[in-house]
Amino acid sequence: MAQALLEALNLEVRYGGIRAVKGISFVVETGEMVCLIGANGAGKTSTLKALARMIPSSGEIHYGSERIDAVPSHALISKGLALVPEGRGVFARLSVAENLAMGAYHRSDGAEIAADTERVYGLLPRLKERMTQVAGTLSGGEQQMLAIGRALMGRPKLLLLDEPSMGLAPIVVQKVFEVIRSIAAEGVTILLVEQNARLALDVCSRGYVMESGCITLADTAANLLADSRVRAAYLGE
Amino acid sequence: MTSLRTKPHLGLALIALALALLPFVVSATLGNAWLRILDFALIYIMLALGLNIVVGFAGLLDLGYIAFYAVGAYLYALLASPHFGLHWPVWAILPLGALVAGVFGVLLGAPTLRLRGDYLAIVTLGFGEIVRIFMNNLNAPINITNGPKGIARIDPITIAGHPLSKSLDVFGFTVPGLALYYYLFLVLAILIIVVGIRLQDSRIGRAWVAIREDEIAAKACGIDTRNVKLLAFAMGASFGGVAGGLFAGFQEFVSPESFGLMESVMVLCMVVLGGMGHIPGVILGGLLLAVLPEAFRHGAAPLQQALFGKTLIDPENLRMLLFGLALILVMLYKPAGLWPEPRHRAELKKS
Chain A
-16 MAQALLEALN LEVRYGGIRA VKGISFVVET GEMVCLIGAN GAGKTSTLKA
34 LARMIPSSGE IHYGSERIDA VPSHALISKG LALVPEGRGV FARLSVAENL
84 AMGAYHRSDG AEIAADTERV YGLLPRLKER MTQVAGTLSG GEQQMLAIGR
134 ALMGRPKLLL LDEPSMGLAP IVVQKVFEVI RSIAAEGVTI LLVEQNARLA
184 LDVCSRGYVM ESGCITLADT AANLLADSRV RAAYLGE
Chain B
403 MTSLRTKPHL GLALIALALA LLPFVVSATL GNAWLRILDF ALIYIMLALG
453 LNIVVGFAGL LDLGYIAFYA VGAYLYALLA SPHFGLHWPV WAILPLGALV
503 AGVFGVLLGA PTLRLRGDYL AIVTLGFGEI VRIFMNNLNA PINITNGPKG
553 IARIDPITIA GHPLSKSLDV FGFTVPGLAL YYYLFLVLAI LIIVVGIRLQ
603 DSRIGRAWVA IREDEIAAKA CGIDTRNVKL LAFAMGASFG GVAGGLFAGF
653 QEFVSPESFG LMESVMVLCM VVLGGMGHIP GVILGGLLLA VLPEAFRHGA
703 APLQQALFGK TLIDPENLRM LLFGLALILV MLYKPAGLWP EPRHRAELKK
753 S
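Taken in order, these protein sequences are the chains called A and B.
Read in order, the letters of the first sequence correspond to residues -16 to 220 in our numbering.
Read in order, the letters of the second sequence correspond to residues 403 to 753 in our numbering.
Some clues are possibly wrong.
To be verified - With the C-beta cut set under 10 Å, the calculated list includes, among others, these residues of chain A facing chain B:
id: 1; residue: Pro68
id: 2; residue: Arg71
id: 3; residue: Gly72
id: 4; residue: Val73
id: 5; residue: Val117
id: 6; residue: Ala118
id: 7; residue: Leu143
id: 8; residue: Ala152
As the list claims (entries may be wrong) - Just the calculated beta-carbon pair ranges, DEER-fashion:
id: 9; chain 1: A; residue 1: Gly42; chain 2: B; residue 2: Ile532; range: 33 to 41 Å
id: 10; chain 1: B; residue 1: Leu414; chain 2: A; residue 2: Gly105; range: 39 to 47 Å
id: 11; chain 1: A; residue 1: Gly42; chain 2: B; residue 2: Tyr521; range: 25 to 33 Å
id: 12; chain 1: B; residue 1: Tyr521; chain 2: A; residue 2: Thr199; range: 32 to 40 Å
id: 13; chain 1: A; residue 1: Gly105; chain 2: B; residue 2: Tyr735; range: 55 to 63 Å
If you are wondering where the hints come from, they were derived from the structure by calculation, not from laboratory data.
All C-beta atoms in this analysis are idealised placements derived from N, C-alpha and C, irrespective of residue type, glycine included.
Take these sequences, add in the hints, and give me the full structure.
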């Protein structure tokens, strides 16, 4: 039986008096690819940010055998938990190569870093072509690829992806998702937050549906795709 | 040019020679007033390089930077003047000034860690004013800063028993005090430039840039943003503290007036106008903004006399008008600064 790599218990996020995430619980098992879908403002990004300790939250977060809800965000990458933030968040004035190097900021094993850099370039050949280019001058899709590549430089066990399709042309989105699929195939566990429900459910094995701060549905991707409520609310049918 | 490029040592030697001869050329052609302006320009360059760490590297908009300059200057004034009867040597005061200003930097940084942009600017602006107002009012019940009257008769900077305010005879050749100060400031400015370049290329420098570009991504890369930000505030402040100490020793007088908001804005302008985060640009900005207003001040009255036969606008007002105009023009036509980082330019071009 698969083991839980990430588990949230009663996770709650508040912005002042507003509860953006209202005590949700969910599990991501090792090797799984799970998505969190829902409309704009449902609390998906807040959930992901809380998991990556970027914003304060209450409730428990377990990662592996550890409880991480009191661990500072910068300590997570060395534990193998990497976040690809919403809106890409590349370092605009650094080159592609320097962005990737920042992804290995917490590491000091030079030779291994060089090997990982080559691996990332192998997975994302477009980045290799643009190695010396300043990240701010890349296209949206290339920036998304770079953000993912930078996260991979931390050798993550668990990758938290926040809206990788945001603001990208459909054809570019397809490419980004191909990359995500091949990362999952290498054994990286992925928790994906997406507004584009069909896309997310197509690549993931399981999904959680979020609605105004609560998880309203939890099932396999296939069942969710067939669910009449999901079809009506998120798949436009 | 190509010969200079292939022989960098020759180029460096020429620059060194030019910098060494500059005070004599300036005092012979433009007079001692301009040599004094040149000395101040070097102090401003040091200040601008310090602020560049905070604003340019780490992207933290600090409008109260002059407070650290004030801390350094007052520390020097208190430890080397008849005010308390203390006469510490400069080599003891400057490092202490750097340290104390650095502590003040952390004091400012700690409560503002979660602020960015305009909010941070407002808080730092307040901090700068608080320091100035303290200096203005700490003359009662115990007289520490001598209030608005300031502290006078500060010891001139003395090196190897020779006060730099007095000229020095070297092999029958007289080097004026202002030139001695110039050399000291030049050496320290070069030191600060070297430290700045080393910081920029260091692990910490890269962390600063990451924070400036995207704080969440920086955290996701494993950067402890709190410590790295505090370090930026402390490092920047300590540069300011050193510059302040030099200012006090050079001027031999300090008063709260020298540390107003306008001074903070001026130093920020040097950084922004020159090219944020780009050390050569910041040096250029510091030099220009230290020299140009003085040129306007000295040139405005004679120029109006020649053109209109009388002084129409008070030179002091005209100076600010021209200065404002220059700022607007630069920001319109060179938004990344006069000498920006090549990458910054590329990025702006794209957007």
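A quick look at each hint next to the structure:
1. For Pro68 of chain A, the shortest C-beta to C-beta distance to chain B is roughly 5 Å, which falls under 10 Å, so the interface hint holds.
2. For Arg71 of chain A, the interface hint holds, since its Cβ comes within 10 Å of a Cβ in chain B; the closest pair sits about 8 Å apart.
3. Of the supplied interface hints, the one on Gly72 of chain A holds, with its beta-carbon coming within about 4 Å of a beta-carbon of chain B, less than 10 Å.
4. A distance limit of 10 Å between C-beta atoms decides the matter here; for Val73 of chain A the minimum to chain B is near 7 Å, and the interface restraint holds.
5. Given hint, Val117 of chain A at the interface with chain B, holds; its Cβ is 5 Å from that chain's nearest Cβ, closer than 10 Å.
6. Checking Ala118 of chain A against chain B: minimum C-beta separation of about 8 Å stays under 10 Å; hint holds.
7. Taking 10 Å as the C-beta cut-off, the interface hint given for Leu143 of chain A holds, the closest approach to chain B being about 9 Å.
8. For Ala152 of chain A, the suggested interface contact is broken, since its CB lies about 18 Å from the closest CB of chain B, more than 10 Å.
9. The hint said 33 to 41 Å for the Cβ distance between Gly42 of chain A and Ile532 of chain B, and at roughly 40 Å that hint holds.
10. In this structure the hint that Leu414 of chain B and Gly105 of chain A lie 39 to 47 Å apart at CB holds, the actual value being about 43 Å.
11. For Gly42 of chain A paired with Tyr521 of chain B, a C-beta distance near 29 Å keeps the hint of 25 to 33 Å intact.
12. Restraint check, Tyr521 of chain B to Thr199 of chain A: a C-beta distance of roughly 37 Å satisfies the suggested window 32 to 40 Å.
13. Under the hint 55 to 63 Å, the C-beta atoms of Gly105 of chain A and Tyr735 of chain B, about 44 Å apart, miss the expected range.
Hints 8 and 13, counting from the list given before, are not met by this structure.
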